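Line by line, the protein sequences give chains A and B.
Numbers 1 to 419, taken from my numbering, label the letters of the first sequence in order.
Numbers 1001 to 1255, taken from my numbering, label the letters of the second sequence in order.
The hints are simulated quantities; they were obtained by calculation from the structure and are not laboratory data.
Each hint should be verified, as a subset may be incorrect.
Straight-line distance between alpha carbons at most 20 Å, and here's what the computed EDC-like set of lysine to aspartate or glutamate pairs gives [what the hints assert, rightly or not]:
no.: 1; chain 1: A; residue 1: Lys418; chain 2: B; residue 2: Asp1142
no.: 2; chain 1: A; residue 1: Lys26; chain 2: A; residue 2: Glu386
no.: 3; chain 1: B; residue 1: Lys1093; chain 2: A; residue 2: Glu295
no.: 4; chain 1: B; residue 1: Lys1056; chain 2: A; residue 2: Glu301
no.: 5; chain 1: B; residue 1: Lys1093; chain 2: A; residue 2: Glu301
no.: 6; chain 1: B; residue 1: Lys1093; chain 2: A; residue 2: Asp300
no.: 7; chain 1: B; residue 1: Lys1193; chain 2: B; residue 2: Glu1179
no.: 8; chain 1: A; residue 1: Lys26; chain 2: A; residue 2: Glu43
These figures come from a predicted structure and were not determined experimentally.
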Amino acid sequence: MSRTLKSAIFSALLVLVVSYPVLGLKLTTVGIGLRIEGATPFELWCIAAAAVALFLWQLLRDRLTPSWARLPKLPGVSSKTSNFLTLPSTQRWVILAMVMVALVWPFFASRGAVDIATLILIYVMLGLGLNIVVGLAGLLDLGYVGFYAVGAYSYAILAHYFGLGFWICLPLAGMMAALFGFVLGFPVLRLRGDYLAIVTLGFGEIIRILLRNMTEYTGGPNGISIANENKPTLFGLSFERRVPADMPTFHGFFDIAYSSQYKVIFLYLIALLLVLLTLFLVNRLLRMPIGRAWEALREDEIACRALGLNPTVIKLSAFTIGASLAGFAGSFFAARQGLVTPESFTFIESAMILAIVVLGGMGSQLGVILAAIVMVMLQEMRELSEYRMLIFGLVMILMMIWRPQGLLPMQRPHLELKR
Amino acid sequence: MTRPILEVSGLTMRFGGLLAVNGVGLSVNDKQVVSMIGPNGAGKTTVFNCLTGFYKPTEGSILLDGEPIQGLPGHQIARRGVVRTFQNVRLFKDMTAVENLLVAQHRHLNTNFLAGLLKTPAFRRSEREAMERAAHWLEQVDLVDCANRPAGTLAYGQQRRLEIARCMMTRPRILMLDEPAAGLNPKETEDLKALISHLRDAHGVTVLLIEHDMKLVMSISDHIVVINQGCPLADGTPEQIRDNPDVIKAYLGEA
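Okay, chain A solo, but in the shape it has when bound (with noise of 0.2 Å):
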């Protein structure tokens, strides 16, 4: 009895001491100050109810397990419709008949889907490009959103500082991003496991304070905007309102009405281009001898010294690869965005993209984007927003629970003998 007791007790204690703080406290601001507020009687009650309820299940817990069995089960996957899903040919269909409605939807869909869609596929570009650091090549990188970064700035400033237009700074972004990978990669990637997340979450904040500290070339914290003559241009057609006087605009040459519904299907069907692009890069990339070689590496680094493949080379092409995905997709960013501040490139965007890479199952594309579609939605439901983070932590417990091993994972493609 003694011990069933006391873990209701603690559990009871444990409730009490976490949610009075969080939901019985306030901050209101008045006038400059703050004031706290004390909690209404309904929330002292609903907490205290809390308190014992969850004392009630702790003390009862091994009386209610036997009549919790007979309940049903989670709905579970059989093992053979798992199978089927994971088969790399089945996800490149299914990939396939995404990419079909893809194209299609966006003229029939509303300018805020569009919009959120073409954030989706920004977040299915950084996951398809961690994937290859984190997934194939089996290192633990936090500061992805560095290189993210990167390709958003570098954006900015050649276009700010040199007026260059989007479609040739797309490239140099991207190889700026690969150049920052390879040279920080040289230094951090000696270290192993931990350490090397440890490291390159340093390196992703240094990234973001340079940026925000270097006020005369960056703008420092107001960050740079992007003037419309330099945005996406379709054969140098411009989708904005307002332009030079000399320069082509999309509804000025088909000689319709402005609308800006035109500039967002638009950034779309880059994004969508973009990410394609990606996904073909990777598909290759597994099937080449690189890719095998980052697979033997995750394995077993011995064994592939031991073998005259050099460890360090191998690892440094993950890196610089997957940070070029990052500049791509950042310069694509800050074109959307017109805007690039430090704060876009946090911590907890690498956090975000992490937890796509994890959340769609390592190595997965497929799993890439139903798990950048979930976690964008997410984000973006404004009515749960202050649910948001509970949400975000039950997906991740049901996840641990039901699928530990992604939502969608994928069996390695494998190269095989015929005879």
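Position chain B relative to chain A; hints supplied.
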């Protein structure tokens, strides 16, 4: 008299206060099978680790074809043709057998990024040839039936053979086998012996062997080096070693 392909002299490895290997010398001629024997903990594997660049020897010189290789990183030594297996098999367990062999060819493949991305004819050819070589070696070690199975699911003896085949994919000049017969049954040991002789005779590979199975060592070696407690104890042909009183003492203890 041919010049030795591998010449080791005064090899010493110290871990803090522990002298693991002390002044070991070794001379391996081309296309010989040289065995290194000694009681457990004598420092044989440490010598291997020094030779393959996993440890940086404290003292001594290692000459491969007259060129010093001591202190080079492991992958560079492997690129010069000194390749090893491990006492406890180190395969890439989640990759299939044939993929294990493909990874080992990495250095010889077309790793041009664009070529692979665009699947150029040169890239396809290089991949096809790699696959053919892998198939050839799977046949040599009698693993064709397991080609598409994850290496971790193979039986122990098969894993041992696969590891040797994987080494052969790098086109080595010196193959270093660390207790290849450990855990094999007599039949498999017999096969292993045939495989080693075949590698030497048909592929011109020099073999350096650590082994406890005396029957195997005595029957296959051209030369034997005995190490005891880190120090060289004896060195000679199998017959000389068999009759050496010091060796008998080290193995069986004082009578």
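Problem set entry | Numbers of unmet hints, in rising order | none
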